[in-house]
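Protein chains in written order, with the UniProt record's numbering: chain A, 1 to 400; chain B, 1 to 400.
Keep in mind the hints are simulated off the structure, nothing from the lab. Any given hint could be a false lead.
Chain copies aren't distinguished; within one or between two, either way the pair holds.
Here are the simulated SDA-like cross-link-like pairs (lysine to any residue), alpha carbons at most 25 Å apart as the crow flies [as the list claims (entries may be wrong)]:
id	residue 1	residue 2
1	LYS303	THR375
2	LYS172	ASP320
3	LYS303	ASP238
4	LYS355	LEU385
5	LYS379	ILE129
6	LYS303	THR257
7	LYS303	LEU273
8	LYS303	ALA235
9	LYS303	ARG255
This one's a predicted model, so the numbers in the text were calculated from it and none came from an experiment.
Protein chains: 2
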Amino acid sequence: MPRIDAERFLRDLNDLRQIGAYKTGVHRPTYSPQDMESRRWLMERMAEIGLEPSIDGIGNVYGRHKGPGPHLLVGSHIESQNYAGWLDGALGVVAGLALARAGLPVDVCAFADEEGHFEGGFLGSRSIIGELSEEEIDRSRSRNDGTPLREALAAAGLAGKPRMTLEPGRHKGFFEMHIEQGRVLESSGLRIGVVTGIVAIWQYRIVFEGQQNHAGTTTMAERRDAGLSAIRLLARIDEEFPRVAAERSVWTAGRITLDPGAPSIIPGRAEVLFQFRDVSPEVLERMDAALRALVRESNRREKCPATIEQMSRATPALCDPAMMAALDAAAEEEAPGAWSRMPSGAGHDAQYIAKRMPVAMLFPPSIGGISHHWTEDTKPEDLALACQVLANGAARFLAA
Amino acid sequence: MPRIDAERFLRDLNDLRQIGAYKTGVHRPTYSPQDMESRRWLMERMAEIGLEPSIDGIGNVYGRHKGPGPHLLVGSHIESQNYAGWLDGALGVVAGLALARAGLPVDVCAFADEEGHFEGGFLGSRSIIGELSEEEIDRSRSRNDGTPLREALAAAGLAGKPRMTLEPGRHKGFFEMHIEQGRVLESSGLRIGVVTGIVAIWQYRIVFEGQQNHAGTTTMAERRDAGLSAIRLLARIDEEFPRVAAERSVWTAGRITLDPGAPSIIPGRAEVLFQFRDVSPEVLERMDAALRALVRESNRREKCPATIEQMSRATPALCDPAMMAALDAAAEEEAPGAWSRMPSGAGHDAQYIAKRMPVAMLFPPSIGGISHHWTEDTKPEDLALACQVLANGAARFLAA
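Just need the whole structure built from these sequences, with the hints factored in.
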């Protein structure tokens, strides 16, 4: 089995942490000077290890293994959420370097904008599988400040560069190591999660149309309060969803907007952003049907008609059984009894790469389950353990 | 009984409508050039009628009757909400001119900023009863664009002018005519409302503290979703309030803010602005107790603690029985069977003037119940009728 250089792996992670450092985390939004500096840093590391580095027109950094195959693809993303953690994304990229350094035949990649600083998100992984159109690039704008994506690419020196796509048949599979971003491992005292699949997010916009009116002079009987209709629907979802969801399903109303949102005005319009996630297509269909039934029930009962629009309807990405088996064996070897299989509740680049090759993911625990915040952290011994398990798993899968 | 000059009354209203005209309504935010032009127009009309006009340091316009008393005070406000109706406020001021023109011994007033373009609101009526401090003026800013009130007063040429207060003992009472701003009269086929009192608004900020977290990786059991706790409380209010409220009580959740308000983030904080209104102190106390009991219940049941802060706790302003009786008789005389007593669900300058003298209010109907919008309107015959009823009522009250 290959041995990774744990000290060098942790030093690389800490070196990268200096770029865009913010408190104990980092601020490296996609195509910012800090983000581009981190991409140049990555290409220098790749070259040192003997990989052939390149950057493409969407900002993907790719380190190509020069030797013979079969090859693996290993990586994640290198930009961060705003003022967020040092490991999210960066961990999987630096783990790729560690595997290459240990002599494994891996191409290492950092996909651009997994974090979705620009509309659309997952720009790099969607581009490399050929699912990002020029039209979408023309349209997309920064969610932070509205800058057109084209302008941001030009400012980053990427305008006019070709966009790479995966070489068909080159890779036996893609491994992505990523922090868990939840508390499942920590609360069970485990050190490694072998991911079974990446849940799909089904997201909806539910809009209630009422009648904006004076909150003093409009009697309760006369009102058509769109906010109240929204509250009643959300309360019904809260009652019904536990009956139709699976054990690990999650559902969230992350935004409620009442229009105009003034204390003395009856809301004339209410908008709810609602989503649920599961790894099973059947469970997703069941939750979708329950939601639509509740909206129909609302429309029979309420004076404010509700319309529901599905904004996204992804397919769960299942991890490859042979790759999972290799990771299981590696985890049991390095951390006997201290690992478990689990779904990924968050989205990852692997869900797109899965459209082109087998994929697998590995999680070390997140302290306190915190992510997307500068306090995000993982114990160094857990980072090193996960990287060694990834290396062993990759070697087992290549040998299988 | 005095006869008003209905034609002249309607012409005055339409002349005033030209100042800051917007579609069929007006845009005269407090201290804007349009608002100040309307105040100068009003002072000219006062002078024509033989009233002694003045404007004070908060923008109150006052037309003092030169003859002997007992006097009445008649008026309302002259600025408008943004892009709003031509009658709201202006009607009561121009009715005051009509009464003075008909020979009644009235002082006519237009109180500044009833509409609350500046923080605090009701600046003029609060100033004239001595309940607006210099410190509050120092602090207050425009809710439209943040301009400090002091700057706005200076730009309007009002800096340094003294602020008038009511002359104790001068007035037997204050009459305010105002559009209804609701559909009670119209839906009952009535033409006049004699107001029994102005409801008090009790307003609350309810804040739920949860734990902001990733909407994919945080299990339902682990979550502390502040938005969900807020929804459950609002659903309970929706169930319980009909049991404790009175027939004409109203309650409104006009704003719900989830923080950070992103589709994939569990809300870590939720804030609800909630208010209720009634004309009865007992009913207000009952609703307050019910709300606090529901918040306690929420805190026993939910993982996100809720705190409730009462932002305003006004006293209902009851109209004077003798003034109401005079208006009843005048209404029955001019519009037999086509009038009713009713509370005012909206706030009015009269609620502050009621702290210094007896007050009464009279409503003509609002077409479609619309107000605070440029489509606000009332039939001219209803306007003229209401003005005549006001004149007769004022004469009856003076004679009583």
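Checked hints:
| no. | hint | verdict |
| --- | --- | --- |
| 1 | LYS303 to THR375 | between (46 Å within a copy, 23 Å between copies) |
| 2 | LYS172 to ASP320 | within (11 Å within a copy, 88 Å between copies) |
| 3 | LYS303 to ASP238 | both (21 Å within a copy, 15 Å between copies) |
| 4 | LYS355 to LEU385 | neither (29 Å within a copy, 75 Å between copies) |
| 5 | LYS379 to ILE129 | neither (34 Å within a copy, 66 Å between copies) |
| 6 | LYS303 to THR257 | both (18 Å within a copy, 23 Å between copies) |
| 7 | LYS303 to LEU273 | both (21 Å within a copy, 22 Å between copies) |
| 8 | LYS303 to ALA235 | both (17 Å within a copy, 16 Å between copies) |
| 9 | LYS303 to ARG255 | both (22 Å within a copy, 19 Å between copies) |
Comparing the model with each earlier hint shows violations of hints 4 and 5; every other hint is respected.
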